[in-house]
Amino acid sequence: MTMINELLVFAAVLFVIGVIGVIIRRNTLIVLMSVELMLNAANLTFIAFSRARGDVLGHGFTLMIIALAAAEAAVGLAIVVAVFRSHKTVNVDKFNLMKR
Amino acid sequence: MDAVHPSAWAFVVVALGGALLSVSLRNILHAIFGLALALFGIAGLFLYLGSPFVAAMEVLIYVGGISVAMVFAVMLAYSLGKKEGGSTRRFLAVVPVGGFFGVVGYALLRASFAVTSKTGSWDLKLVGRKLLLDYNVVFEALSVVLLLAIVGAIIIARRDEKTGDDKTADEKAASKGNDAASAEERAS
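Protein sequence lines correspond, in order, to chains A and B.
Take 1 as the starting number for the first sequence in the numbering used here and just add one per residue.
Take 1 as the starting number for the second sequence in the numbering used here and just add one per residue.
Keep in mind the hints are simulated off the structure, nothing from the lab.
Simulated restraints, written as ranges between beta carbons of each label pair:
(1) B/Val103 with A/Lys99: 32 to 38 Å
(2) A/Ala42 with B/Val144: 18 to 24 Å
(3) B/Gly128 with A/Lys88: 44 to 50 Å
According to the in silico footprint, chain B covers these stretches of chain A (three or more CB under 8 Å from chain B):
(4) 8 to 21
(5) 37 to 47
(6) 55 to 68
Ideal Cβ positions, reconstructed from N, Cα and C, are used throughout, including at glycine.
Using the sequences and the hints, build the whole thing.
Here is the structure:
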């Protein structure tokens, strides 16, 4: 049994869970966590293909995605903290300073 | 591709459960623990897929770094037990997303991918050589991105000392009083 199809479907499931989290949840931190889930789904796809094709490049790209995710989380959390200071909320719907 | 041991499904279940918990739980701290669980499951899958280094990086950076940073952000920015609110119509979003997943999942299950018979023996040395020789521009760009992200995060999250918009009125009055006192001191 090679598990590649099943693993890819599982990665798609993870991605869809992330998308639903981004759309449904209103808490900024949970939205950020859902984005992390989507990035991890991409990681899983890269590693699964890397293994299936015997090509090591997928590992390199996965490491790059992990580094980018760390940068994204750092900036995202900093923005959450800064916005919470000015708005006293983390509800995404309340962040409409540019709309007004 | 040599076969993956069926016990990898245990990690699939762990990762799936953690992901569902992390998007569904109301308590934000519990949701973060769910995310950590999901990331552990994914790291386990990486082990099964023959990449212990990436699995270790996943645990180190995601579970040890990002999850902990989120806990700190909760402490700094979130009062626990707040109601989230929002319209229930948003749940209709599940329909198009589910449709998208149906199409993609069906295609993925039906497709047959070119699978090599090579055993997935990958080498950390080989990864390093690829990153530093063939793809060194990407690697260097990434280091600049990380540096900018760190500096940017500090600048964004820093309190603005000049305007002091973070302080309450009392604190402002107190600091003004201190300023006046110190000015008097200097004058005398």
